[in-house]
Amino acid sequence: MKTEELTTEQRLEIITNMIGQAKQNFAKGGSFQILLWGWVIAAANLGHYALEKIGYEYPYAVWLIVIPAVVVSIVQSVNMRKNSPVKSHVDKVYGQIWLAAFIVFIIVLSFMNQLNFHHNPVILAIAGMGMYITGNLLRFRPVIFGAVVLWVGAVLAFNLPVAEQYLVGGISILIGYLVPGYLLKKEEN
Amino acid sequence: MSQFQPLDPLLHSQLRLAVMSLLIGVDSAEFTFIKEKTGATSGNLSVQLDKLEQAGYIEIEKSFKGKRPLTTCRITKHGINAFETYVENLKKYIE
Chain A
2 MKTEELTTEQ RLEIITNMIG QAKQNFAKGG SFQILLWGWV IAAANLGHYA
52 LEKIGYEYPY AVWLIVIPAV VVSIVQSVNM RKNSPVKSHV DKVYGQIWLA
102 AFIVFIIVLS FMNQLNFHHN PVILAIAGMG MYITGNLLRF RPVIFGAVVL
152 WVGAVLAFNL PVAEQYLVGG ISILIGYLVP GYLLKKEEN
Chain B
248 MSQFQPLDPL LHSQLRLAVM SLLIGVDSAE FTFIKEKTGA TSGNLSVQLD
298 KLEQAGYIEI EKSFKGKRPL TTCRITKHGI NAFETYVENL KKYIE
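As they're listed, the protein sequences go chains A and B. Numbers 2 to 190, taken from the working numbering, label the letters of the first sequence in order. Numbers 248 to 342, taken from the working numbering, label the letters of the second sequence in order.
No lab work stands behind these hints, which were simulated from the structure alone. There may be inaccurate statements among the hints.
[As the list claims (entries may be wrong)] With a Cα cut of at most 30 Å, we get these calculated BS3-like pairs of lysine-lysine:
| # | chain 1 | residue 1 | chain 2 | residue 2 |
| --- | --- | --- | --- | --- |
| 1 | B | Lys324 | B | Lys339 |
| 2 | B | Lys312 | B | Lys298 |
| 3 | B | Lys309 | A | Lys93 |
| 4 | A | Lys93 | B | Lys314 |
| 5 | A | Lys187 | B | Lys282 |
| 6 | B | Lys314 | B | Lys298 |
| 7 | B | Lys312 | B | Lys282 |
| 8 | A | Lys83 | A | Lys93 |
| 9 | A | Lys83 | B | Lys309 |
| 10 | A | Lys88 | B | Lys282 |
| 11 | A | Lys88 | B | Lys298 |
| 12 | B | Lys312 | A | Lys93 |
| 13 | B | Lys298 | A | Lys83 |
[Unchecked claim] Computed beta-carbon distance windows for the label pairs:
| # | chain 1 | residue 1 | chain 2 | residue 2 | range |
| --- | --- | --- | --- | --- | --- |
| 14 | B | Glu300 | A | Ala101 | 32 to 38 Å |
| 15 | A | Ile108 | B | Pro316 | 40 to 46 Å |
| 16 | B | His325 | A | Phe103 | 35 to 41 Å |
| 17 | A | Asn80 | B | Leu254 | 40 to 46 Å |
[Unchecked claim] Partner residues aside, some chain B positions facing chain A, computed with beta carbon under 7 Å:
| # | residue |
| --- | --- |
| 18 | Leu264 |
| 19 | Asp274 |
| 20 | Ala276 |
| 21 | Leu337 |
For every residue, glycine included, the Cβ atom is placed at its ideal position computed from N, Cα and C.
Excised from the complex, chain A in its bound form (with noise of 0.2 Å):
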């Protein structure tokens, strides 16, 4: 870059290519997490949901792929976030969200009982403020869609049995969580 004496257009020109320039680089593998979980808590409750149909005594069991989910999720977070040459200020809070909703689940999820194990539309309405919050800031219409959908979910679910409370949270998180991480994958390549 030159140091000539520049026009007030030029210098505008370039604090506005140069902002963009920043902004390009927003949350890029975002959308790993959005499939990591879609696909885990998903599989988790169609999985808890047909072993209760088939009649099987501990269908929670399926849930400890969420520990597995749990490592993979952190060490994830932690390598892009060493590797990416730039960290912005919507990366930081996109972390923090999900941080405060996956304290709230464990919340949640630890009183279940007291909650007449109703816990699951509970956990769909979080989900759904994260996915929100996540599109707004990513300015991307298809996840804002996918909260919507969870919200929905949560709606029918506290309407129904628990059993079928799994069922509602697995299609909620396929449909809510999984299409839109995909056209976001699509989107960051």
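Based on the hints, put chain B in the right spot on chain A.
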């Protein structure tokens, strides 16, 4: 003419202005990222970053990524104020 405030001479340089414009939109950025986005040479960029750091507009953190040295830059509050004032003054020139 009195409504026109003099523009900050430190942001008079095209490269320093580009660096500040880039850093205003991010939390932090590595040297290689700034170099790629501004299209500057390593030598020139180093000199201009030092000037911005000396003025207190940016913070430069030197560390290591594996065995390779890593330079990370971040805009300071003073730098944000200077940049905002610069843009405000610039606007007056086109109004």
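Cross-check of the supplied hints:
Distance hint between Lys324 (chain B) and Lys339 (chain B) is fulfilled; the C-alpha atoms sit about 23 Å from each other, no more than 30 Å. A hinted pair counts as satisfied when its Cα atoms are at most 30 Å apart, and Lys312 (chain B) with Lys298 (chain B) qualifies at roughly 25 Å. Pair hint Lys309 (chain B) plus Lys93 (chain A) holds up; C-alpha atoms about 21 Å apart against a cutoff of 30 Å. Among the hinted pairs, Lys93 (chain A) with Lys314 (chain B) is consistent with the structure: their alpha-carbon atoms are about 26 Å apart, no more than 30 Å.
Among the hinted pairs, Lys187 (chain A) with Lys282 (chain B) is consistent with the structure: their alpha-carbon atoms are about 28 Å apart, no more than 30 Å. For the hint pairing Lys314 (chain B) with Lys298 (chain B), the CA-to-CA distance comes to about 27 Å; that is within 30 Å, so the pair holds. As the CA atoms of Lys312 (chain B) and Lys282 (chain B) are separated by approximately 17 Å, the hinted pair is consistent with the 30 Å bound. At most 30 Å may separate the alpha-carbon atoms for a hinted pair to count; Lys83 (chain A) and Lys93 (chain A) meet this at roughly 13 Å.
Proximity of Lys83 (chain A) to Lys309 (chain B) is assessed by CA-CA distance (about 15 Å); at most 30 Å being required, the pair is judged to hold. For the suggested pair Lys88 (chain A) and Lys282 (chain B), the alpha carbons sit about 15 Å apart, so the restraint of at most 30 Å is met. The suggested pairing of Lys88 (chain A) with Lys298 (chain B) holds, with an alpha-carbon distance near 23 Å, which does not exceed 30 Å. Proximity of Lys312 (chain B) to Lys93 (chain A) is assessed by CA-CA distance (about 20 Å); at most 30 Å being required, the pair is judged to hold.
In summary, the hint linking Lys298 (chain B) to Lys83 (chain A) is supported, as the alpha carbons are separated by about 27 Å, within the 30 Å threshold. Taking 32 to 38 Å as the suggested C-beta distance range, the pair Glu300 (chain B) and Ala101 (chain A) conforms, at roughly 35 Å. Taken as a hint, the range 40 to 46 Å holds for the pair Ile108 (chain A) and Pro316 (chain B), whose Cβ atoms sit roughly 43 Å apart. Roughly 36 Å separates the CB atoms of His325 (chain B) and Phe103 (chain A), a value that falls within the hinted 35 to 41 Å.
Here the CB-CB span from Asn80 (chain A) to Leu254 (chain B) is close to 42 Å, well matched to the stated 40 to 46 Å. Hint on Leu264 (chain B) holds. Least Cβ distance to chain A is approximately 5 Å, under the 7 Å limit. Of the supplied interface hints, the one on Asp274 (chain B) holds, with its beta-carbon coming within about 4 Å of a beta-carbon of chain A, less than 7 Å. At a threshold of 7 Å, the smallest CB-CB gap from Ala276 (chain B) to chain A is about 4 Å, leaving the interface hint in force.
Taken as an interface hint, Leu337 (chain B) checks out: its beta carbon lies about 6 Å from the nearest beta carbon of chain A, inside 7 Å.
Of the numbered hints listed earlier, not one is contradicted by the structure.
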